[in-house]
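Whole structure, please, built from the sequences with the hints as guidance.
Chains as they are written, first to last, in my numbering: chain P, 1 to 520; chain R, 521 to 869; chain E, 870 to 1287.
What the hints contain is simulated information worked out from the structure, not anything from laboratory work.
Owing to the predicted nature of the structure, the values given are computational and were not obtained by experimental measurement.
We put the beta carbon where it would ideally sit given N, CA and C, even for glycine.
Honestly, I wouldn't trust all of these hints.
[Stated by the list, open to error] Cut-off 30 Å, straight-line C-alpha distance, at most; resulting in silico cross-link-like pairs (DSS-like, lysine-lysine):
id	chain 1	residue 1	chain 2	residue 2
1	P	K317	R	K858
2	P	K79	P	K128
3	R	K828	E	K1138
4	E	K1138	P	K322
[Claimed, not checked] Just a few of them, taken from the derived set where beta-carbon distance is under 7 Å, the chain E residues facing chain P:
id	residue
5	Q1068
6	T1116
7	T1117
8	F1120
9	S1127
10	A1131
11	Y1134
[Claimed, not checked] Residues of chain P placed beyond 12 Å of chain R at every Cβ, according to the derived structure:
id	residue
12	Q34
13	H93
14	K97
15	E100
16	I109
17	K127
18	E185
19	N193
20	T229
21	M243
22	E316
23	I335
24	F380
25	Q388
26	F397
27	R480
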Amino acid sequence: MEQATSEAYPYVIEMLHITKEFPGIKANDDITLQLRRGEIHALLGENGAGKSTLMSVLFGLYQPEQGEIRKDGKVVQIKDPNDATALNIGMVHQHFKLVEVFTVLDNIILGAEDTKLGFIQKKEARKKVKALSEKYGLSIDMDAKVEDITVGMQQRVEILKMLYRDNDILIFDEPTAVLTPQEIEELMQIMRNLKAEGKSILFISHKLNEIMAVADRVTVLRKGKYVGTVDTANTNKEELSRMMVGRPVQLVVEKDEAKPKETVLKVEGLTVPSKLHKNDAVKNVSLEVRAGEIVCIAGIDGNGQTEFVHALTGLEKASAGKITLCGKDITKASIRKRSLTGMSHIPEDRHKHGMVLDFTLEQNLVLQRYYEPQFQNHGFIKFGAVRQYADKLIEEFDVRSGQGPITKARSMSGGNQQKAIVAREFDRNLPLIVAVQPTRGLDVGAIEYIHSQLVKQRDEGKAVLLVSLELEEVMNLSDRILVMYEGEIVGELDPKTTTAQELGLYMAGAKRQDKEVKAE
Amino acid sequence: MSYLIQQTLIYAIPLMIVALAGVFAERSGIINLALEGIMIFGAFIGVLFVHVCQKLGVFQLLPGAANWGAMQLFEILGMVAAGILGSLFALLLGFAAINLKADQTISGTALNMLAPAIVLFFVRIIANQEELRLYKGDAAEWFMIKKAMLGLGEKDGFIVNTFLNKVYLATYLCIIIFIICSIVLYKTRFGLRLRSCGENPQAADSLGINVVKMRYSGIIFSGFLAGMGGFVYALTTSNCMSNGDVAGFGFLALAVMIFGNWKPLNIALAALLFGMFKCLAAGYSSIDINGDGVKLLYELSKDPTWGKVLNPNFYRMLPYLISLLVLAFTSKKSRAPKAEGIPYDKGMR
Amino acid sequence: MKLNRFLNKDGTRSVFATLISILIGLLAGAVIILIVGLVDQKLGLNEAWKGIRLLFLGLFSKGQQAGRLLFGFNSTNIGDMLFRAVPIIMTGLSVSLAYKTGLFNIGASGQFLAGTTASLFIALKMNTAVVAPWIVWIIAFLGGILAGAFWGAIPGILKAFLNINEVLACIMTNWLAANIVTWIFEGSGLQCTEGTKTQVIWKTTHNGVATAKMGLDKLFPESQQVDGGIIIVIVIAVLVYILLTKTTLGFELKACGSNRHAARYAGIKDKRSIVLSMAIAGALAGAGASLYWLSGSTEFHWQTYLSLPGEGFTGIAVALLGACNPIANIFTGMFLSTLDVVGSKLSFYTGYNEYITDVIIAVIVYLSAFSLLIKTWLSKKFKAAEIKKIPDVVITSHGPEMAKTPPVPANTGKEGNE
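Listed below in C-alpha cells is the structure:
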C-alpha cells in the first residue's frame, strides 16, 4: 500500500526553498530542486554557484537555515550521512572518498559491514559485490589496493559503494573532471544503465556537452540563486550558458594573429623519471617557444605535464636533455638562477607552490623579488618599498582582499589568490611565462581576465608556455598546440585548422603524428 | 643463552605493547607523542596500587593469600589499574587533539612533561624520597614465577629454564593481548573503521562513521596499552619501582612503531631487535653468548683497546643510535597513516 | 574606540592568552596543593594555605619566623631568579626560532648538553696562566655556541635530506647527547675532588673563569648567582627578534617553515634553510648552556645518561607561553624562573616539594597547545563590544571558501586544494 502511493508520486526527492548561509555569505538562497523518479537530472552552475553546498545539504553534511527536503512527498530530516543512506541516497564525491591503502572490497563495505561477533564477513560481501559489478557492467579488481588502480576504476568503486548500500538516488558530483574522453563515454553509458534499472540520478556539472548528452532535465544555479529548470530536449548550449553566467559569454578570446619572433625557450630531448613507477614520466620531449606566441601543451591530467613543468622550472631533476633559455643553458641551473635568467612561473597548485598561505598578501607579492636591491639593504627588508610595490600591484591587477596588503593569503578567495600570483609573475616582466592551469577552479569573470592578460603579455612580446587540461582553453588561447600523451609529444596542431574532436583523439592516444614533424 | 632470551623478552615485550599503543592512536589519526608520559604515569599507578594494597593488607583478603597464584591475580589487577589510569591520562591528549583541534605535538610534549612532574610530586609526598618502591619485599619475591612453583623443580630443559623459570606472567599476558589487539585491528568492523579514520576521515565521515568517536576509542586503547606497558616495564625491569622516568622507553617504542611500519607483525620483530639492544645495554656484563662460560662482551669492555668503545656508555646509547639509523634508512619507505596529526574538521571537505 | 583598537590587536590578544594560561596553570597548582593538604594528614589545611601563598608570592618570601611566613623585597630571590632565567630564556629562544620557521625543536636539551660540554672543557682545560681568563671565557662561549649549532644541525640535516620528522630525530639526538656527555666526562679528569662531591664537574671558577657581573651584583648584593649573563641574553633576544622580522634571511627561513614547497618554488634553498634554522636554534641553546655554566656559580652533574636536562623542556614552555616572540620570551623566561625560585621555597618552608612547579609548567604548555583557541575566544569577546568592522574574509562570488580556512598545521605539505 505504502509502496503504491509513493510510486504514484512523481518526485523521489524535492528540495524546496533551501537557504544555507555561511558567515557573511548565502551559499544557497531559496533554491528549489525536484528530482523525478528514474530521470537523470543535471545541476548546472559555475564554480562557487552553490551546487556542492546544495548537495552537501541533501547528503546531511550541512543543515540548511530554511527550506525542507521531501522524499516521495513526505518531509524528511537529514542530519548526517547516515540519515541520507537510510533514505537510499548515495553520492560520488568530486574528490573520491576512498581509503587509498585499503583494498577495493574493504572500501566498498566500509561503513556497511556485515559482521558476526564483530568479525567482518567478507565472503558474503564479495559475492554481493561480484553480482552487482556484473549486473551494471562495472569491472573492478576487488583485491587491488585503491592507490594502485586507475581513476576510472576508482570511480566505479565509488558507484559500487552506492549500489552495495542499495541506494536508488545517486548523486554524481562533477564526475567527468578526472576522466579521459573514453572513460567519460563509458560513464555516460553506466549512467544510462542505472537509469534503465530505475535509479534516479543527480548529475552535477558545468560541462554543457555532457549535460546535453545524458541529462533529461537541467536545473541552473548562479551565485547561490535558483535560475530555472529546463528540459534538455527544449534547450541548447547557448541558452544554458547564458543561464549559468547571467550574460552572453564571450566564448572566444579576442586576439590578433601571433607575430612570433626569436626563440626564447628551447627544450631538447628532456626526459624525467617518474616518482611513482619505473617508466619515465616524460620521454625525450623537445619543443621551442618563441617571443610573441602562446604555445599550449594539451593533454589529459597525469600524462607527464606536471613532471615536464617541474623539470623545466627546476623543481625536479631531469635525467636527460637540454634546456636553453634566452640563449643560456639552464639545464643544471638552480631555481633562482632560472628565474633570474628570464622565467616566470604560474604554478599548477597555488596552495602548494604558489603562495605561502600564512604570509600576508604583500609578502606573497614579493616572494620572487624580496632579494632585489629594490626591496632590501644589506639583508634588511625595506618595508616601505614592499608596501608601495604591493599597493601598486593590488591596484593594477584588482586583487581584492579584506585588509589590503596585510591580509593573510589564507583568508583570500581562490580567484584573488590566483590574481595575486598572476600579478607577481607578470610584473617581473621576464621573457618567458610558464602558466600551468592558470584558470583552474575560477569563475568565468576571473577566467576571462586571466586569458586577456595572457594575450596582452604575448602581444608585449613575451613567450608564453601554457599547460592546460581544458579543451576550450586550449582551442581559444593558443597559437600552437602540442599534445602530450604518456610523457611524449604526440602531435603539433594549429588551433585554426584543427577541431576539438581531432585534438581529443590525440589526447587519448588514438592518433599521433610522426615524430619528425613536431620539431620545427 | 636462556639469560639472553629472557632479558631480551623483558625489554622487548613492553616495547612491543607500547608500540602497539602508538599504532592504535596513529591509526585513528592522532599522533601520540605522549607514550613516554603515559608509561611513566601507568608505572606509577601500578606501583602505587601494589604499594597501597600491601600496606593495607588487602592481598591477604584474596583467597589463598600466601599462594603464588593469588599474587598473579594481584599482578593482573595492577596491570588493569595502570591501564585504566593510563587511558584517563591519554584522554587529556584526546580532548586537546579532537575537541580543541590543538597541535598534537605540543600537547603530547605537555603530557610528557606533566607525567614526571605529577609522579615525582606525589612520590615525594608519599615516600618522602625520589622513588616509590614496594611496601615490602621486591618484585621477584612477590610476582616472579619459578619452575618449582609449577612443579617442574627437577626439570632442567632449555624450554623450562627459558620460558617457565624466573618469568613474569605479565610478559605472556602482554603477548596474548598483543595478538588479540592485532586481530581486532585487522579482522573486525571496529578495526576497519578505526583505520579508515587515520587514513581518510572525510571518507569515513561520508559513510556515516563517527570520526570523533573512533578517535576517542583509538586514544583510549592507546592509553590503556601504554599505561599497562609502563607498569610491566617497571615490574620486570626496575623491580616495581617508580621514579618518574622510563629513560626514553616510550620514545623508543615510537621508533619501533615507525620501523614496524605501523603493522603489528613487523612491530613485534622490531621490538625483539630493540629489546636485544636494550638487553645488551643492561646486562652486557653477564651475557654468555655461546655458552662457554666466557662473558665475551664483559671481557671486551675491560680490554684496554676494545674497552675504549665497547664500554657501558656505548651499550647504553646503542638503542638510540640504532633508532636514528633505522629512521634514516626507512624514512623513504615508511607509510604513516595519511591523516595522522591533522585535526578533523567537518567543514573541511 | 582607542581601547577597542588596542584590544583587537593580535599582540594584545596574545598577551591576554598568555596571562590566562599562567593563571589557569597557577590555579591548577593551587588546587593540587589544597587537595593534597586536605587528604594528607601530615600536611593539613594550614600547610596548604602556606603553600598556596608561597606559590603566588614566593619571589617575595623573606623566610619564616615562628612558623609564620614573612614577605617583602628579597634581593637574593630576584638575583637568583634573573640568573636562572638565563638558560631557559635561551632554550626558549631556540624553540621559538625553530617554531617560527616551521620546526618543533624538542632537542634543546641535547643542544644544551653539547654546549655544556664544549664550554666546560674549554673553560677548565685552557691554561689561564697563559691565556687571560676573559679570552678563555669568550672562546668557551663561542665553543658552546658552535657545539650547540652542530648538535642542532644533525636533526636539521636528517629532516632536510632524508625527510625524517625533526621531533623524532631530536628525541633520539637528545638521548645520544645524554650518553655521550657522560662518556666524555667520565674520562675527563674534570670531576670535582673537593669534599664528597664526586658526581659533579668543577665550577669554572676553579680555573678562574667566570662571567662578568656587569654591575648586577651591586643591584642585588645578596644574590650569589646573578651576573652579566642576563644582559647578554636580552641582547641576544633582541638580535633574534631582528633576524626573524627585519631581514631577508628571516623571510626565507619563515617562508620555508610555513610552506617548504612554495619557498622552493620561489628559489629559496629549502634544505639549506631547514639545516640553518636548526643550527641557529642549536646555537642559541648551546649559548644558554655556556652562559649558565660559565657563570662559575653552579656545578654540573655529569652523569646525565638517565635523564635529560630540564632546561630544554622548560624552554618549550618559555617559547610557547610567549607565542614564540623573542622579546616576549625574556618575560616568560623570567616568569618560569620565578616558579623555579618558588619551588625551592616550597620544599624549604612547607611539606610540599618543588615538583609542583613542574606540574604548573606542564599545564601551561598543554594550554598553549590550543592558545589559538583562547585567542579566537578572546577576539570574539572583544569584538562583541565593537561596531562591526570589515570582516577578515572578503566575499567574492565564490562559495564557502572561508569554510576551508582553519589553520593547517605548518609544513605538513597537505594543504587542501579546491
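(request) Double-check E:T1117 for me: the hint is only fine if its C-beta lies closer than 7 Å to a C-beta in chain P. (result) holds (5 Å)
(message) Is the claim that P:K97 lies outside the interface with chain R correct, judged by CB distances over 12 Å?
(response) violated (4 Å)
(message) Quick check on the hint: E:Y1134 CB to chain P CB, less than 7 Å?
(response) holds (4 Å)
(request) May I ask you to check that P:Q34 keeps its beta-carbon over 12 Å from the closest beta-carbon of chain R? (result) holds (24 Å)
(message) Does E:Q1068 hold up as a contact with chain P if the rule is Cβ-Cβ below 7 Å?
(response) violated (46 Å)
(request) May I ask you to test the interface hint for E:A1131 with respect to chain P, counting a Cβ-Cβ separation under 7 Å as satisfied? (result) Since the shortest Cβ distance to chain P is 5 Å, the answer is holds.
(message) Does P:I109 clear chain R by more than 12 Å, comparing its Cβ with all Cβ atoms of that chain?
(response) violated (8 Å)
(request) Please confirm whether P:F397 is truly not at the interface, meaning its C-beta sits more than 12 Å away from all C-beta atoms of chain R. (result) holds (29 Å)
(request) Mind checking the alpha carbons of E:K1138 and P:K322 for me, to see if they're no more than 30 Å apart? (result) Judged against 30 Å, a Cα distance of about 23 Å means the pair holds.
(message) Beyond 12 Å on every Cβ pair: is that true for P:E100 relative to chain R?
(response) violated (7 Å)
(message) Given E:T1116 as an interface hint, is its Cβ closer than 7 Å to any Cβ of chain P?
(response) holds (5 Å)
(message) Does P:R480 clear chain R by more than 12 Å, comparing its Cβ with all Cβ atoms of that chain?
(response) holds (39 Å)
Of the hints listed earlier, those the structure fails to meet are numbers 3, 5, 13, 14, 15 and 16, in rising order.
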